[in-house]
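*Asks:* Sequence:
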Amino acid sequence: MYLKQSREERVRGWGGYPIVSATVFRPERVADLVEFINRVKGPFLARGGGTSYGDASISSDGFNIDMHRLNMMLSFCSETGVLHCQSGVTLHDIIRAFIPRGWFLHVTPGTQFATVGGCVACDAHGKNWKAGSFGSYVKGLRLMLHDGSIIFCNESENSDIYRATLGGMGMTGIILDIYLQLKRISSSYVDVETIRFSNLEELFNLQRESMDSYEYLFSWLDSQNEGKSMGRGILQRANHCTNQNLQYNEKRRFSVPFNFPSFSVNRFSVATFNYLNYATATKRRKSKLYLNDFFYPLDRIANWHRIYGRKGFIEYQAVVPFDSAYEAIFELLKKITKSKLGSTIAAVKPLTKSHGLISFPIDGFTLAVDFAYCENLLPLLDQLDQIVIASGGRVYLAKDARLSGKSFKTMYSNSLETWDLTREKYQVKQNFTSAMFNRL
5 MYLKQSREER VRGWGGYPIV SATVFRPERV ADLVEFINRV KGPFLARGGG TSYGDASISS
65 DGFNIDMHRL NMMLSFCSET GVLHCQSGVT LHDIIRAFIP RGWFLHVTPG TQFATVGGCV
125 ACDAHGKNWK AGSFGSYVKG LRLMLHDGSI IFCNESENSD IYRATLGGMG MTGIILDIYL
185 QLKRISSSYV DVETIRFSNL EELFNLQRES MDSYEYLFSW LDSQNEGKSM GRGILQRANH
245 CTNQNLQYNE KRRFSVPFNF PSFSVNRFSV ATFNYLNYAT ATKRRKSKLY LNDFFYPLDR
305 IANWHRIYGR KGFIEYQAVV PFDSAYEAIF ELLKKITKSK LGSTIAAVKP LTKSHGLISF
365 PIDGFTLAVD FAYCENLLPL LDQLDQIVIA SGGRVYLAKD ARLSGKSFKT MYSNSLETWD
425 LTREKYQVKQ NFTSAMFNRL
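5 is the number of the first residue of the sequence shown in our numbering; add one for each residue after it.
If you're looking for bench data, these hints aren't it; they were derived computationally from the structure. Each hint should be verified, as a subset may be incorrect.
Below are the BS3-like pairs computed for lysine-lysine, each with C-alpha atoms no more than 25 angstroms apart in a straight line [said to hold, decoys possible]:
hint	residue 1	residue 2
1	K339	K413
2	K339	K410
3	K232	K413
4	K187	K232
5	K187	K292
All chains should be modelled from the sequences, with the hints used to inform the complete structure.
*Replies:* Dropping the structure here:
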């Protein structure tokens, strides 16, 4: 029966590159999943909301386990704020249910349509840099291994595979359910100050000045402008309001109905957008923004990835340590602006180190830039990798679609061996894989 419920489908990451033919199984109960794994030889890969950009949540030679239907909220303690939920629950589900009750997420990525299991596997980060990564608020989780057996793990019980799972990109097993610590809030709004800055040096000065006083930091950069104004852009810094106004508003979404022609995103259209976005921004202003508008502006546009056309796009995101951050990001941005391949989305923000073995966040600053896919792009990204490696940084696997195995091993060398040994100990190394890890 369960073999009949699995079928061949075209599967892709959010960026649309790559697209592969893959076998997908959608369990409705944990018992379905146990029986499926016992009947079918792997390898397996759990797949959440499909919001990782590249090939991290795609298995082209095994079974893709779509976890969307395992989406129950199991319990919530109103005194401690700990939510116990299945891994297929989305951040949108949590926000809709808990904002009116005065609770929010400590850490959230840029989309509310990611699943909790996916955020654990990627150890997601967000604008709230002080809070660290998503895994910092996972009090425990249940993990299904290759033979259908289920173990509980946290900082004190099976702690080795717990740390290997946070940021482990699904390579340690199938995350079934999670105990997640929520954050108490007294308002559905944040106080935001928006500041226009004229170059990268000014941005770094603003961010360092803001880090002690603001919980949330985020900056958009013009990825096209060279010379003295390279790195110009707009900074947002924010704290939660305390006005006791708690409500959930579901705003209307708009959709991009079809893939744009591949030539739509070009150096001229991107340069025009970047210029207008910067030139029309007020030098400095204060405002109150609804939580969803501040954290998830792109969620208002369904299928926005179609703007990049059928070939899709790649987002390059790297983090470099604080000590070398300005110099490294300056060099990265110099190559990007010279290439004229950068797109409308480019961002810089600080990060705090995660305790996941191969989690992306370290103490430093991260640069993220979207690129429409083209033949000239991959050699440029290889050059960017070398700048990142020289500075002691790393590339974010949840956004990646092309990193080489050699560069990956260098970037994550300080903990990769321990992570691999942990997978061998629990016999999951050959039984859980993805297109990404076949590549790496």
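*Asks:* Please go over all the hints and tell whether each is borne out by the structure.
*Replies:* Structure-based check of each hint:
1. K339 x K413: At roughly 24 angstroms apart (the allowed maximum being 25 angstroms), K413 and K339 satisfy the hint.
2. K339 x K410: holds (22 angstroms)
3. K232 x K413: Violated - the C-alpha atoms of K413 and K232 are around 36 angstroms apart, more than 25 angstroms.
4. K187 x K232: With Cα atoms ~42 angstroms apart, K187 and K232 exceed 25 angstroms; violated.
5. K187 x K292: This hinted pair holds, its Cα atoms lying about 20 angstroms apart.
In the structure shown, a violation is registered for the earlier hints numbered 3 and 4, in ascending order.
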